[in-house]
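Student: All residue numbers for the sequence shown refer to this note's numbering, where the first residue is 1 and numbers rise by one.
It is worth saying that the hints were derived from the structure and are not from the lab.
In this text the structure is predicted, and so the values were computed from the model without any measurement.
In this text, a Cβ means the ideal position worked out from N, Cα and C, and glycines have one as well.
Each hint should be verified, as a subset may be incorrect.
What follows is a set of in silico ranges between Cβ atoms, one per label pair, in the way DEER data are often shown [as the list claims (entries may be wrong)]:
1. 250 to 140: 48 to 56 Å
2. 144 to 212: 31 to 39 Å
3. 140 to 271: 23 to 31 Å
4. 212 to 126: 38 to 46 Å
5. 112 to 184: 17 to 25 Å
6. 259 to 160: 54 to 62 Å
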Amino acid sequence: MKDDPRPAPPPADPRTPRPPRLDFDLNDFSAPQPQPAECEPQRPPPLQPELRAEGAPTPAPTPAPRPRRSPARPRRAHKPGWWVLGAAVLAGLLYLSWAQVPVRQVVVSGNTHLAADEVRRLAGLPAGESPFGWLYYGRWKAKGLLTSPWIASAEVTRQFPDTVRIQVNERQPLARWRRTGQPELLLAEDGTALPIRPGVTAGNLAMLPVISGWGPERLSEALRLTRALSRYTVQSVTYTPSGLSAQTASGTAWGGDLETFVKYAGSIGMYPNKQIHIYPWG
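Generate coordinates for the entire structure from the input sequences, incorporating the hints supplied.
Tutor: Here's what the structure looks like:
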């Protein structure tokens, strides 16, 4: 065996660090690859595109979950104590108004044609002088007064301790309305028909002028002419399609136009006991 001509390596120094030892052969390419460090974050795998058949419908997106609602609080049941107490207080007030402070007197004033008992009945008051409680009577009862055509207005006041006062304003009859085949009615100045029935005292009806006629109704014109001729003691006013005629204590007058008749009504006094015709030209 021949000697190696290369010099021998120097002895190793124990203080010199040794190179790391490889546990695999450099010529071996099947050796395991080094693993990544534990501190390196893991990346998610790339999303693979979803393959759909051509013409297939697109799936609807999944709705997000709704937040849960807190359960509704149960309603507290109202105790019947307040209702019972309120009913007891109301019953006590009714008893006091009826028994302790009753209404014993009703005073009616302003009535000329209506009797006092008829006014009381229209006002919804008990018949006679029987007492009743304060809470029993109110404006809702007094509205019955305006249902009578004889009453133009009314005022009801309560006066302590035990009196109710009723002040009425009655309509006054101006003339009698005589209709063929129908009962006679009274007419107020505003044209309101005033029926005559029990409980109504119309006064001396013979002194009121009579309105009558035929053809188209001209009642409003007849009432206006009656008011205009009141100073001549008009006895009757008759209307026809051709005009109006009036009978007075001193004569008769006829006019084809109401405005002209009222304008020249003074001629009735100038020609007493004559039959006068008033035309539009005078």
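Student: Work down the list of hints and note, for each, if the structure agrees.
Tutor: Hint check:
1. Distance hint for residue 250 and residue 140: a CB-CB separation of about 53 Å, consistent with the stated range 48 to 56 Å.
2. At roughly 33 Å, the beta-carbon separation of residue 144 and residue 212 lies within the given 31 to 39 Å, and the hint holds.
3. Checking the proposed 23 to 31 Å range against residue 140 and residue 271 shows it is violated: the Cβ atoms sit about 59 Å from each other.
4. Checked against the given bound of 38 to 46 Å, the beta carbons of residue 212 and residue 126, roughly 43 Å apart, stay inside it.
5. Taken as a hint, the range 17 to 25 Å holds for the pair residue 112 and residue 184, whose Cβ atoms sit roughly 20 Å apart.
6. For residue 259 paired with residue 160, a C-beta distance near 56 Å keeps the hint of 54 to 62 Å intact.
Taken one by one, the earlier hints fail for this structure only at number 3.
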